[in-house]
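Engineer: Chains as they are written, first to last, in our numbering: chain A, 1 to 436; chain B, 437 to 872.
Hints listed in this document are in silico derivations from the structure and should not be mistaken for laboratory results.
Some clues are possibly wrong.
[Claimed, not checked] Below, computed lysine-lysine pairings styled on BS3-like, alpha-carbon distance capped at 27 Å: (1) A:LYS337 to B:LYS701; (2) A:LYS152 to B:LYS588; (3) A:LYS337 to B:LYS588; (4) A:LYS337 to A:LYS91; (5) B:LYS773 to A:LYS270; (6) B:LYS527 to B:LYS773; (7) B:LYS773 to A:LYS265; (8) A:LYS337 to B:LYS706; (9) B:LYS773 to A:LYS271; (10) A:LYS91 to A:LYS265.
[As the list claims (entries may be wrong)] One-sided excerpt, in silico: chain A residues whose CB lies under 10 Å from chain B: (11) ILE11; (12) ILE142; (13) ARG146; (14) ASP182; (15) LEU184; (16) GLY287; (17) PRO308; (18) LEU309; (19) ILE360; (20) LEU366.
By construction, the Cβ of each residue, glycine as well, lies at the ideal position given by its N, Cα and C atoms.
2 protein chains.
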Amino acid sequence: MPPEDASNETIRHFVQTAHAVDLAAWLAELPQDLAQEQILALAQPRQAETFSYLSLDVQAALARRLGRRELAEIVTRMEADDRVDLFNHLKPEEQQRLLRDLAQEEREDIRRLSTYAEETAGAIMTSDYATLATSMSAHEAIEVLRREAPEKETIYRSYVLDADRRLIGSVRLVELILAGTDTLIAEIMDPDPMAVTLDTDQEEVARLIARYDLTALPVIDEHGRLVGIITRDDAEDVMQRETTEDFQKIATVIPFSQSIREAGKSVLYKKRIFWLALLVFGNLFSGAGIAFFEETILAYVALVFFLPLLIDSGGNAGSQAATLMVRALATGDAALKDWRDLILRELTIATALGATMALIVSPIGLLRGGSDIALVVSLTMMLVVIVGSLVGMSLPFLLSRLRLDPATASAPLITTISDVVGVLIYFSLATSILGP
Amino acid sequence: MPPEDASNETIRHFVQTAHAVDLAAWLAELPQDLAQEQILALAQPRQAETFSYLSLDVQAALARRLGRRELAEIVTRMEADDRVDLFNHLKPEEQQRLLRDLAQEEREDIRRLSTYAEETAGAIMTSDYATLATSMSAHEAIEVLRREAPEKETIYRSYVLDADRRLIGSVRLVELILAGTDTLIAEIMDPDPMAVTLDTDQEEVARLIARYDLTALPVIDEHGRLVGIITRDDAEDVMQRETTEDFQKIATVIPFSQSIREAGKSVLYKKRIFWLALLVFGNLFSGAGIAFFEETILAYVALVFFLPLLIDSGGNAGSQAATLMVRALATGDAALKDWRDLILRELTIATALGATMALIVSPIGLLRGGSDIALVVSLTMMLVVIVGSLVGMSLPFLLSRLRLDPATASAPLITTISDVVGVLIYFSLATSILGP
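Given only the sequences and the hints, what does the whole structure look like? Please build it.
Structural biologist: Right under this line is the structure:
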């Protein structure tokens with residue numbers, strides 16, 4: 001990217017030669033009037049491609065600045081799925097205006113693609129795919145692709161349809177090339193191609209594409225007719241977004257889709273305050289536990305010394321278990337059916353962790369408060385680590401079982417639960433061992 | 437996958453028709469003697485493909501059970517990069533035995549590919565790529581690909597080399613098909629293909645492939661000679677592994693590569709105890725702070741009620757900021773150079789969060805301890821949320837600056853730091869407002 005004080009010459013060279021991704025990244029940092037000027041100066045089809053790489057917020061902002069014809073031209077040249085994403089991001093009156101400015105074909109395509117529910121296969125598919133018929137020869141098929149290729153998102157895999165547009169096979173470009181020119185498509189196609197339906201969850205789509213290493217995945221309607229394909233790069237974007245959401249959730253941030261640099265301060269405030277405030281009420285239970293044992297605390301004030309250490313350790317062990325589980329469930333490394341095995345195993349690991357932590361903390365207990373306090377602190381440490389770990393390991397499974405997102409088992413939530421349990425264990429043990 | 441009590445017929449059907457990925461997943465769950473039997477019964481090349489999809493631990497275990505000739509046959513048919521991964525996972529004496537059993541070509545290929553440092557482009561590249569010369573026509577080029585295709589990992593992009601094997605261009609299969617048959621490769625190739633060197637970090641490779649949506653990325657040596665390519669699916673595996681590592685790190689688990697179901701109990705224990713134990717010493721500072729203010733605590737024991745709430749809130753706000761930053765740095769949403777902007781913005785957001793939290797907690801303070809305690813608690817809440825957030829936002833930048841992994845700024849680490857600061861703020865304010 002050119003530096004801020006680059007000469008006009010340097011900028012011109014960059015604009016002409018840079019990859020559209022890099023060009024878009026640079027435009028996103030410019031003031032909007034300059035970005036608009038640069039976009040309009042680009043040659044087609046570089047213009048539409050660069051525009052597509054901008055974030056939807058920036059695309060929408062620029063769409064509002066561009067002339068109606070300028071916008072319609074860019075939108076017409078965008079890929080079908082990118083076009084719909086922008087359309088869905090505009091206000092209703094802007095959508096209507098844009099539709100009026102487009103040719104019938106694009107208009108109908110947008111109308112169709114924009115009707116599907118968010119986060120489904122229908123919402124992320126594109127209509128730019130190549131189709132063949134069983135009766136074509138490999139040679140004829142290659143001719144078809146040669147004609148249509150520049151407009152299609154991928155021709156590495158083509159789809160074979162019957163007269164009713166039902167999906168009956170797929171062929172890889174490699175196979176067309178390897179086949180003799182007279183070989184019929186019917187002979188070389190895969191007659192049982194993997195496909196998803198319009199309402200398949202986008203995360204499931206992304207997982208299939210990654211698992212089976214697919215170039216694209218066809219989408220069929222309830223009659224088995226091909227209605228779109230999902231390309232690998234779009235599936236990867238979905239996967240990346242879902243992973244970012246998991247990071248946000250395990251840190252008790254309500255998911256947001258903008259990049260952290262583009263998200264406004266008030267957006268970030270709102271996404272963060274909800275759980276922070278909610279957990280206050282969880283912590284009041286810890287406070288109530290402490291209030292209940294005030295006599296014990298006054299009698300043995302040295303106990304307070306160990307309070308942050310004990311409750312944090314339980315929370316930390318729990319966060320470890322929860323985060324490992326959340327990730328394993330997201331990648332498919334573990335499934336709901338594994339819960340019994342994994343929790344039993346966690347019990348062994350947590351006992352070992354708890355015993356080690358008890359050993360570490362016992363000499364400190366001895367030094368600070370004598371043998372009785374050391375006993376209370378060590379026992380509590382052992383128990384909070386075990387309880388924290390088990391809660392951390394179980395909660396993602398439980399949420400998943402209830403069809404909620406396991407990533408809601410965030411580190412702060414586990415910590416708060418462990419705190420309450422930890423306070424109760426600590427002061428109960430103290431009261432019964434040290435006397436009230 | 438067939439159920440555990442499936443009939444032989446069902447199993448036979450599954451083994452014959454399932455995708456190699458699914459077959460491998462099923463084999464991994466079988467006892468090793470049965471898995472070995474099933475693997476040996478498979479036809480080539482399905483055998484090698486299925487074997488490649490097993491985890492390296494399972495591959496190595498099976499390799500030890502198979503006969504020398506059986507193993508050599510499978511290994512010969514594996515893709516070059518998978519072959520080397522298995523080789524690197526074997527014990528030295530097993531490596532020597534395997535090398536002796538292979539033909540010269542595979543032996544040399546393994547020797548060459550296994551020499552590169554872990555986590556570099558050299559370590560994840562494959563030698564199965566197609567090459568062309570500038571003087572070939574598009575027609576000749578397609579003939580070359582037709583001959584070589586079945587053995588190459590991808591022919592969607594071929595690489596153009598000069599007489600010294602220096603990389604001077606690349607051509608996409610689509611372009612070969614679109615070009616007239618007599619067009620020379622020199623005319624249609626991209627004369628400036630993106631490439632990385634042998635020592636490029638694998639994460640950088642994965643980021644380039646994702647950013648520029650590449651099918652494969654060539655690797656060149658110090659003389660500009662092509663030595664391998666990295667395919668998209670391998671880059672995605674790298675990305676997925678690195679993301680899993682980030683999850684592990686932000687939960688203070690030392691990264692491990694096995695799936696959570698395959699990792700042994702003692703492995704998990706070792707990966708988790710390190711930070712748990714280390715943070716004990718961090719928490720001793722909180723304890724020391726508390727010990728220092730023991731007089732104040734004895735005079736106002738109601739203060740202990742709010743202790744878990746206050747230190748947790750600072751830790752939670754800090755974990756939010758840290759986790760958002762770690763992810764943004766990993767995806768490239770934010771870079772080191774953005775630190776000043778982002779930290780200034782965080783100051784505003786954290787002040788708003790702190791003020792809200794102070795408002796929420798003040799009536800509780802009033803109820804539990806009167807107006808003075810309410811003042812101390814509210815002020816402390818405000819400050820710990822601000823300090824926690826700023827530490828959480830800055831630490832990933834600082835680590836990144838020091839060329840350490842920003843993901844080391846784990847939630848538990850931030851919580852421990854916030855705790856120490858929180859204890860000191862809380863009791864200092866209490867002592868000065870309530871009197872010692």
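Engineer: None of the hints should be skipped; say for each whether it holds.
Structural biologist: Taking the hints in turn, this is what the structure says about them:
Straight-line distance between C-alpha atoms of LYS337 of chain A and LYS701 of chain B comes to about 19 Å, which keeps the hinted pair within the 27 Å bound. Between LYS152 of chain A and LYS588 of chain B the alpha-carbon distance is near 25 Å, which keeps this suggested pair within the 27 Å criterion. At most 27 Å may separate the alpha-carbon atoms for a hinted pair to count; LYS337 of chain A and LYS588 of chain B exceed this at roughly 39 Å. A C-alpha spacing of about 44 Å is found between LYS337 of chain A and LYS91 of chain A, which places the hinted pair above 27 Å, so the restraint is violated.
Between the alpha carbons of LYS773 of chain B and LYS270 of chain A the distance comes to roughly 26 Å, so the proposed pair stays at or under 27 Å and holds. For the hint linking LYS527 of chain B to LYS773 of chain B, the alpha-carbon distance of about 44 Å lies beyond 27 Å, and the restraint is violated. Note on LYS773 of chain B and LYS265 of chain A: the hinted pairing holds, with a Cα-Cα distance of about 19 Å set against a maximum of 27 Å. This hinted pair checks out: LYS337 of chain A and LYS706 of chain B have alpha carbons roughly 26 Å apart, not beyond 27 Å.
As the CA atoms of LYS773 of chain B and LYS271 of chain A are separated by approximately 25 Å, the hinted pair is consistent with the 27 Å bound. Distance hint between LYS91 of chain A and LYS265 of chain A is fulfilled; the C-alpha atoms sit about 22 Å from each other, no more than 27 Å. Annotation: ILE11 of chain A was flagged as interfacial toward chain B, and the flag is violated, the nearest CB pair being 19 Å apart, outside 10 Å. Taking 10 Å as the C-beta cut-off, the interface hint given for ILE142 of chain A holds, the closest approach to chain B being about 6 Å.
The restraint placing ARG146 of chain A at the interface with chain B holds, with a minimum CB-CB distance near 6 Å, inside the 10 Å limit. Taking 10 Å as the C-beta cut-off, the interface hint given for ASP182 of chain A is violated, the closest approach to chain B being about 15 Å. Residue-level restraint check for LEU184 of chain A is violated (minimum Cβ-Cβ distance to chain B is 18 Å; threshold 10 Å). Look at GLY287 of chain A: its Cβ gets to within about 4 Å of chain B, closer than 10 Å, so that hint holds up.
The beta carbon of PRO308 of chain A comes within 4 Å of a beta carbon in chain B, closer than 10 Å, and the hint placing it at the interface holds. Hint status for LEU309 of chain A relative to chain B: holds, with the closest Cβ pair at about 4 Å, below 10 Å. Because the beta carbon of ILE360 of chain A sits about 6 Å from the nearest beta carbon in chain B, less than 10 Å, this interface hint is met. For LEU366 of chain A, the suggested interface contact is broken, since its CB lies about 14 Å from the closest CB of chain B, more than 10 Å.
The structure does not agree with the numbered hints 3, 4, 6, 11, 14, 15 and 20 stated previously, though it agrees with the rest.
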